[in-house]
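Peer 1: Turn these sequences into a full structure, and let the hints guide you.
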Amino acid sequence: MKAAAKLPRWAEYGLLPLVNLCAALLLSGAIIRMIGESPWSALKLMVDGAVGSQDSIGYTCFYATDFIFTGLAVSVAFHAGLFNIGGEGQAYIGGLGAGLVCLAIGTWSPWIVIPLAIASACVFGAAWAFIPAWLQARRGSHIVITTIMMNFIASALMTYLLVNVLINPGQQSPESREFGPGAVMPAVDVVLAHFGITFAPTPFNMASLLALLACLFVWVFIWKTRWGYALRVSGQNARAAVYAGISPPGIILAAMVISGGLAGCLGVNELMGSQHRILLDFPGGAGFVGIAVALMGRNHPVGILIASLLFGALYQGGSQLSFDMPHVNRDMVVLIQGLVILFCGALENIFRMPLAALLGGAGRAKT
Amino acid sequence: MDAYREIILLLAATMRVATPLVLAALAGLFSERSGVIDLALEGKMLAAAFASAAVASVSGSAWLGLGAGIAASSLLALIMAFACVTHRGNQVVAAMAINIVVAGLAPALALAWFDQGGQTPQLDGPGQRFLGLAWPWSQAARRHPFPGLAYAELVSGHNLIVYFAVVLAPACAWVLFRTRFGLRLRAVGENPLAVDTAGISVNALRYQASMISGLLCGVAGTYISTAASAGFVRDMTAGKGYLALAALIFGKWRPYPTLGACLLFAFADAGASRLQGVALPVVGVVPVQFILALPYVLTILLLAGFVGEAVAPKAIGVPYSKEK
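One line per chain: the protein sequences are A and B, in this order. Heads up: the first sequence begins at 1 in the working numbering, then just goes up one per residue. Heads up: the second sequence begins at 1001 in the working numbering, then just goes up one per residue.
Calculated from the structure, these hints are not laboratory results. Every value quoted in this text rests on a predicted model; they were computed, and no experiment measured them. Note that the Cβ used here is the ideal one computed from N, Cα and C, for glycine as well. Mixed in with the good hints there might be a few duds.
Said to hold, decoys possible - Interface residues of chain B toward chain A, partial, derived using beta-carbon atoms under 10 Å:
no., residue
1, I1079
2, P1107
3, P1287
4, L1303
5, G1317
Unchecked claim - Some residues of chain A that are not near chain B, with every Cβ distance over 10 Å (derived):
no., residue
6, K6
7, R9
8, S41
9, L43
10, A119
11, N164
12, P186
13, F195
14, G196
15, P203
16, P248
17, L253
18, F288
19, L305
As the list claims (entries may be wrong) - Pulled a few chain A residues facing chain B out of the computed Cβ check, cut under 8 Å:
no., residue
20, I35
21, Y160
22, V190
23, L335
24, L339
25, I341
26, A346
Peer 2: Okay, structure coming up:
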């Protein structure tokens, strides 16, 4: 039924995403040209802004860390055949989990606070994902719709909590008080200084290590364990999975809980690594970037890592761009993100078939 | 008398808040009934809001703005149909892509063209906006509160798009349930194979449904930027597209219940801003955020089957291919 042509592995995982990305960038370039700026100098400014100095590299990695968490979250659900659009809300609530621990015991030793806060972020994010998962598994509610609704509910809940409960007394803006010293995720420059290496101070922090571990965890889990195998089988063909003795409701719950836990870790990077307090809307759309990252990274942790770095660079380079080009702002990055989703996700067959034809015989086989 | 006045004003506010929801929800009704999940309502409305405000401010005509809004929204509907119907791409992914593209593109173009930080210029010239129409004797009627105020606030004083929204639900119900096109449209959302076997093009029907959705979203977006406010600002649809989708599900994909859901959600919204800090009997002060989250909670409960049951069109979300 699928008219999709099969590509060799290197083309499937390397060439096709690259072609899709180029298409998105070309289209964005055309729009920048239409606006009256030079796409070429915009690109140069962006690259320079993203990797031109230690400062910018630090910020690029900091943003990339957010996207790794949300990208992995989307991909784990994808492998189970689920589309989790709720990464934004799960990250928001996960941050609440981390933040509550940090506020409660932030003055204790970091060796206790940080692991507890990470665990709490995972549990809160997972719990927020569990609701739509349970509704899908037991009541058949469409998970795309329920996760979208949960995003709005998370946003309303967090606004309520920050405005009425967690707000720092005597302060106007809806933010919690600052975390204690034990709740600070060590910055990479501080850690490197211990080894005698100087690096510019940036929000780039040890949550990035957690993100790399999460990549490893997802890789092992999806491809090296029987649970991961069951999850993939169920995602590819739920009926076959039932015959193989796999229970789809169980898979839905497991996949979404892991997905939500991963998204929740975003709060560790944003709040403990950078903001040191809970504030409004700190995920800032990273949950949606996760969709682009997962699609572009072909749902593989290595691909997601690369795509996250790329998007981190786009975000950091984009803010640099808006400083230097008065007619271009960061919205351009959101546009590129949307185009990447369009080309890597919805329109991927457009390039797949010509590529398959170009690559010859191997591509002719239809599945 | 004050309570009466409050209620009338609340109902009038409900009508104004409900208008874009009704338009967008009924837009979604067509595409979803044809079997295409329409998560792109938000993006189509936002694009229309920008295009209409931009054209209205340059040309000075709200009607040209409306045309531009419909054109922009329909173009996106066409792209979505191209990706999902012709190329059988994932409908949810395509819609998210459209929403995100518009969220970036609209303020980027606004900045480049108008140089006002991602907004369009304030629409304050004559004819640039759809303004409320005063019906005959509405001013005089205000002096006689009992039927008069209701007449002045509820019947009179709205702009054309609100009246369009008022007649839209019956019109949609008629098209869907009383015309041949409507019958085919519903059939293609339930069982496209049967429609195909009858010699009717599944893709053509789905394209038509998408275009209707594009048109109505265009009107909804135009309302948001040129009637409800005076110009485009970043992210000004603020989730209304998703709220409309919730209303559509809450209305179980049927025109009148969908209209009812839109009115209910709009009533909650209009009420929330009036109830800020007001202590109600029995429950005390209800936080505004709870009222704003209510439509989403209700929709989830409905989808979970705790309050009635929502049965989606059977073939929704499934790309149709003849070879299967």
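Peer 1: Which numbered hints does this structure break?
Peer 2: 11, 18, 22
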